[in-house]
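Colleague: Now for the letters of each chain:
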Amino acid sequence: MSENDYIQKLWEIGPSMAEHTPHGKELGIKFVAVDKGRATMSLPYNTELIGDPKTRVLHGGAVTTLLDQACGLAAIAGFDEPRMCATLNLSIDYMRAAEPGKTIIAQAHCYKATKHVAFLRAVAHDGDETDPVATAQATFMATSMLKKDIRNV
Amino acid sequence: MFEQERIIKALSQIPYSITLGVKPIFIGEEFTLRMPFKNSNIGNPTLPALHGGAISGLMEIAAIAQLYITTNGKSLSKPIGINVDYLRKGLPKDTYARAVVFKQGARVANVRVRSWQEDYSKPIAVMHGHYLTDKAD
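Chains as they are written, first to last, in this note's numbering: chain A, 1 to 153; chain B, 154 to 290.
The reader is advised that the hints may include incorrect statements.
[Claimed, not checked] Below, simulated DSS-like cross-link-like pairs (lysine-lysine); rule was C-alpha separation at most 30 Å, straight line:
#, chain 1, residue 1, chain 2, residue 2
1, B, K162, B, K246
2, B, K242, A, K30
3, B, K176, B, K275
4, B, K227, A, K102
5, A, K112, A, K9
6, B, K275, A, K36
7, B, K231, A, K25
8, B, K242, A, K25
9, B, K162, A, K25
10, A, K112, A, K54
11, B, K275, A, K30
12, B, K288, A, K54
13, A, K102, B, K162
14, A, K25, A, K102
15, B, K227, B, K288
16, B, K242, A, K9
17, B, K242, B, K176
18, B, K275, B, K227
19, B, K288, B, K162
20, A, K30, B, K191
21, B, K246, B, K227
22, B, K288, B, K275
23, B, K191, A, K102
24, B, K231, A, K30
25, A, K102, A, K115
26, A, K30, B, K227
27, B, K231, B, K176
28, B, K162, A, K115
29, B, K191, A, K25
30, B, K246, A, K25
31, A, K9, A, K25
32, A, K9, A, K115
It is worth saying that the hints were derived from the structure and are not from the lab.
Next comes chain B alone, as it looks inside the complex (with noise of 0.2 Å):
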C-alpha cells in the first residue's frame, strides 16, 4: 500500500495546494482531497459562490495526486487537457474530490475527477483530464 504520509509530504510542497488550501483524506486505501471552504477562494461575491477556477484547481491537483500515488510517487504529472463540466453553483463550504484513473498507458494516463460539497450524489463539478506520466511499475 502506499505510504499516506509521501502524498502529505507531496501535497504540502506543492505551493498552489497550500493556497487552494486542499487537505488529503484517507478512508481506507481511497483517497479524497478536501477544499475547506475559505473565503479567497470565491469568485463571485455577491452570490456568493466559490470560483470555477478554485474548483477545478481541487480537480486538477486531485487527479495529479492519485496519479501520484498509481505511479508510486516517481514524479509529479503534467496535464495535456483537461475538460471540466459546471453542474452547480459552488456553495461557500467545504468542497470534496475525488479521482479515479481509467486507464494507465506507457506515458499518457486518462483520469475522470468527481466533485461535490454536502451530497456525493450531487456533483458540483466533473472533469476528465489527459497526464502525462512516468508509468508505474
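In isolation and in its complexed conformation, chain A is listed as follows (with noise of 0.2 Å):
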C-alpha cells in the first residue's frame, strides 16, 4: 500500500470511528484529523454528558471514551497497514475539570507499534493544548479478525 493510499484509507476509516458508531454518535464524538500514528477527535460541550449537576462539569467518563476513541483511531494508524484494535489498558490522569461550554479536544500519538501491540499517549484539552485536562496512556491489541472489514470500508 503506497504512502497516499494508506493515508486515504485512514480518512475514510476515521470517521466511522467516531459519529457513525452508536455509541460516539450518542457522546457526539467527531472525527477532527488523522495522519499516519496521530488523530485528533473532538467532543462538543453536551449537557447529557454533566457529571456533577452542581458544577455542570462533564463527566470523566465521557472524557474518557473520547481519549479511547481517539487512541483507538491512532492505533489503527500506527501500524505499517491499518488494522483494527482492542484497547488492552487504558489510563487517564484527569489534570482538571473541563470548562463547562468548551468542545474537548483529544490528541492521541502512537509512538511505537510491535507487530501486535500498539503503545499510546494522548492529551485532552479545551483549545491549550499546555494546559491540559486530562492525559492518558494506551496500549492496544491488533485483532486480526477485523482486519478484514477496514478493507471493506
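Need the complex rebuilt from these two chains, each delivered in its own frame; the hints are there to steer you.
Modeller: Below is the structure:
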C-alpha cells in the first residue's frame, strides 16, 4: 500500500470510528484529523454528559470515551498497514475539570507499534494543549479478525 | 445504614448516568450498578461490542456512587486518575459493576471496580482509580 493510499484509507476509517458508531454518535464525538500514527477527535459540550449537576462539568467517563476513541484511531494508524484494534489498557490522569461549555479536543499519538501491540499517549484539552484537561497512556492489541472489515470500508 | 433512596436520587440527577442508562441494585448493603443493554452503548456495530468508554463510564459512575455512600453523600468525588484493563469483549448484554473502596484517606480514596456480564467470575474489565473526596464522618 502506498503512503497516499494508506493516508486516504485512514481518512475513510476516521469518521466511521467516531460519529458512525452508536456510542460515538450518542456522545457527539467528532472526527477531526488522522495521519500516520496520529489522530484527533473532539467532543462538543453536551449537557447530557454532565457528571456533577452542581458544577455542570462533564463526567470523567465522557472524557475517557473520547480519549479511548482517539487512541483507537491512532493505534489503527500506527501499524504498517491499518489494522483494527482492541483496547488492552487505558490509564488516564485528570488534571482539571473541563470548563462547562467548551469543546474537548483529544490528540493521540502512537509512539510505538510492534507486530501486534500499539503503545499510545494522548492529551485532552479545551483549546490550549499546554493546559490539559486529561492525559492518557494506552496499549491496544491488533485484532486480525477485523482486518477484513477495514478493507471493506 | 446509608439510605438507598439518596443514592438513587443522586444518580438520577447525573445526566451522564441517564445517558448510559445505569440503574442501582441493592442486595443488603451491597451496591451494584447495572447498565441494561442499549444500542447507543455499542462501540463496534460489526462485532457487535459495547464501547470500551461506556464500560469505563459505568465503572467510573460505580466508583463515584460507592464513594458517595462511604462518605455519607456529602458531595460527588472528583477523579484524579484511573487505570482500566479490558479483559473481554463487552457483549450486547446487560453489564454490571461493583466498586470497593480499598482506602479512604483524608482527601484521597483508592477504589477498585470490577465489571462483568453473565458470569461474575469472568470480568470484562477492571479498574482502579484515585478520587478526591470529602472525608467520611
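Colleague: Hint by hint, note whether the structure agrees.
Modeller: Okay, the hints, checked on the actual structure:
1. K162(B) with K246(B): holds, 25 Å
2. K242(B) with K30(A): holds, 24 Å
3. K176(B) with K275(B): holds, 21 Å
4. K227(B) with K102(A): Status holds; Cα separation ~27 Å.
5. K112(A) with K9(A): Holds, at about 20 Å.
6. K275(B) with K36(A): violated, 36 Å
7. K231(B) with K25(A): holds, 26 Å
8. K242(B) with K25(A): Roughly 20 Å between the alpha carbons, so the hint for K242(B) and K25(A) holds.
9. K162(B) with K25(A): The hint holds at about 27 Å.
10. K112(A) with K54(A): violated, 41 Å
11. K275(B) with K30(A): Given pair K275(B), K30(A) is violated - Cα atoms ~33 Å apart, limit 30 Å.
12. K288(B) with K54(A): holds, 19 Å
13. K102(A) with K162(B): holds, 28 Å
14. K25(A) with K102(A): This hinted pair holds, its Cα atoms lying about 18 Å apart.
15. K227(B) with K288(B): holds, 9 Å
16. K242(B) with K9(A): Within the cut-off at roughly 26 Å; holds.
17. K242(B) with K176(B): Holds - the C-alpha atoms of K176(B) and K242(B) are around 21 Å apart, at most 30 Å.
18. K275(B) with K227(B): At roughly 34 Å apart (the allowed maximum being 30 Å), K227(B) and K275(B) break the hint.
19. K288(B) with K162(B): holds, 21 Å
20. K30(A) with K191(B): Answer holds: K30(A) to K191(B) is near 21 Å, not above 30 Å.
21. K246(B) with K227(B): violated, 33 Å
22. K288(B) with K275(B): At roughly 33 Å apart (the allowed maximum being 30 Å), K275(B) and K288(B) break the hint.
23. K191(B) with K102(A): holds, 28 Å
24. K231(B) with K30(A): This hinted pair holds, its Cα atoms lying about 26 Å apart.
25. K102(A) with K115(A): Given pair K102(A), K115(A) is violated - Cα atoms ~38 Å apart, limit 30 Å.
26. K30(A) with K227(B): violated, 35 Å
27. K231(B) with K176(B): holds, 21 Å
28. K162(B) with K115(A): Violated, at roughly 49 Å.
29. K191(B) with K25(A): holds, 13 Å
30. K246(B) with K25(A): holds, 20 Å
31. K9(A) with K25(A): Holds, at about 21 Å.
32. K9(A) with K115(A): holds, 20 Å
Going down the numbered hints, you'll see the structure goes against 6, 10, 11, 18, 21, 22, 25, 26 and 28, while the others check out.
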